[in-house]
Amino acid sequence: MRKPYYFLLVLSVLTLFTAYRFADTGYQVGDTASDFKLKNVNGQMVSLKDQKEAKGFIVTFTCNTCPYAKLYEDRLIQLHQKYAPKGYPVIAINPNDATASPGDSFAEMQQRAKSKKFPFVYLHDESQEIAKRYGATRTPHLYILTRNGQDLKVSYIGAIDDNSGDPEKVQKRYAEAALDNLLSGKAVPQPTTKAIGCTIKWRNNS
Amino acid sequence: MKYSASMFARRILLFCFLLVGLALNKPAAAQTRQVPLVKLAHLQKYLNSTSDTTYVINFWATWCKPCIEELPNFEAVQKQYAGQPVHVVLVSMDFAKDLEKKVIPFVTRRQLKSTAFLLDEPDQNAWIDTVDPSWSGAIPATLLVNNRRKQRIFLEKPLTLAQLQEHLTTKFSHNP
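In order, the protein sequences belong to chains W and L. Once you know that position 175 of the first sequence is 174 in numbering that gives the first Met the number 0, the rest is easy, because the numbers rise by one and skip nothing. Once you know that position 140 of the second sequence is 139 in numbering that gives the first Met the number 0, the rest is easy, because the numbers rise by one and skip nothing.
Take the hints with a grain of salt, since some may be wrong.
Said to hold, decoys possible - Computed list of lysine-lysine pairs in DSS-like fashion (alpha-carbon distance at most 30 Å, straight line):
#  : chain 1 : residue 1 : chain 2 : residue 2
1  : L       : 100       : W       : 171
2  : W       : 168       : L       : 149
3  : L       : 170       : L       : 96
4  : L       : 96        : W       : 171
5  : W       : 113       : W       : 185
6  : W       : 38        : L       : 156
7  : L       : 64        : W       : 131
8  : W       : 69        : W       : 131
9  : L       : 156       : W       : 171
10 : W       : 116       : L       : 78
11 : W       : 69        : L       : 38
12 : W       : 168       : L       : 112
13 : L       : 78        : W       : 168
The set of hints was computed from the structure by calculation and includes no laboratory data.
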């Protein structure tokens with residue numbers, strides 16, 4: 000009777016430890032990203048391993064409500080249209096808690112995907128587990144994953160470009176540069192970038 | 000004599016009108032706050048200051064709900080530490096094009112008294128790390144820094160007044 004109890008205790012401590020580690024740091028470039036199964040706006044469950052033809056993914060934590068995320072919607076569509084045929088589709092994930100941010104409910108997500116005619120999947124990270132595991136902190140927050148055998152390697156983390164406010168004034172297309180390099184088998188010269196964004200609206204905001 | 004008396008009365012009247020006019024005008028003039036548009040060098044003056052002052056540098060934007068909710072806490076801290084070397088600096092992350100139509104009206108309406116400016120540096124990747132390497136770019140974010148005392152705390156989350164006060168009293172030796 001005692002042995003399983005200790006085993007459970009050790010297991011839960013370990014689980015807690017890893018959960019804290021993920022919550023604290025999340026993925027770094029070079030890490031192996033884990034798969035997930037999240038509900039798309041069309042009601043279907045989506046996971047990365049199902050998409051066998053993809054060379055990788057442009058996993059983007061975004062939402063309906065953040066002005067910065069909205070400013071990037073059209074650019075995200077363009078990114079998908081340009082890179083999905085080359086093997087890198089956009090996987091948009093909304094991690095915001097609908098109680099903290101009612102405009103990010105699943106119904107609102109469906110509405111937004113419809114009105115903007117998203118050509119990519121728009122997934123609901125209802126438990127916020129995936130955002131935590133990835134270490135996403137803001138919207139938009141981009142993770143480019145590259146398939147490496149069975150694994151998915153994190154190849155780029157950061158911003159889409161260097162001017163959220165004005166697409167006309169963009170000078171550095173960070174995400175496109177990363178993708179172009181990955182597609183030609185080269186190393187990504189600037190694998191992490193930063194940008195101002197909206198804090199993810201966590202459940203029971205602490 | 001008569002002429003000059005009426006002249007005098009007229010002048011008095013004119014003076015009174017002027018006074019009334021000034022009195023009416025003054026609150027309106029005081030209400031419209033100036034929020035300068037600045038470059039990184041301006042922010043760096045605070046980041047790199049070597050005076051024995053604790054700078055409470057808050058990054059916010061008019062479109063950021065949790066930022067707006069915590070702004071009164073920064074105003075309260077600035078008021079509480081009035082006359083002491085604690086200096087609240089509100090750095091707006093709004094777009095430069097929104098300065099006149101959003102930021103200035105907001106700062107004016109909320110009657111914000113703390114130092115405020117709009118940082119016009121669109122390539123955020125180029126400067127976020129200079130504020131703090133641990134900053135992912137999410138706002139609200141706040142840096143408390145006193146370079147003279149080699150004390151700094153960076154917090155990428157909204158802060159309550161109690162949390163702000165606690166940081167200032169326990170981590171920075173300022174006692175109100």
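Practice task
Any hints from earlier that this structure breaks? Give me their numbers in increasing order, please.
Solution key: Failing hints, ascending: 2, 3, 5, 10, 12 and 13.
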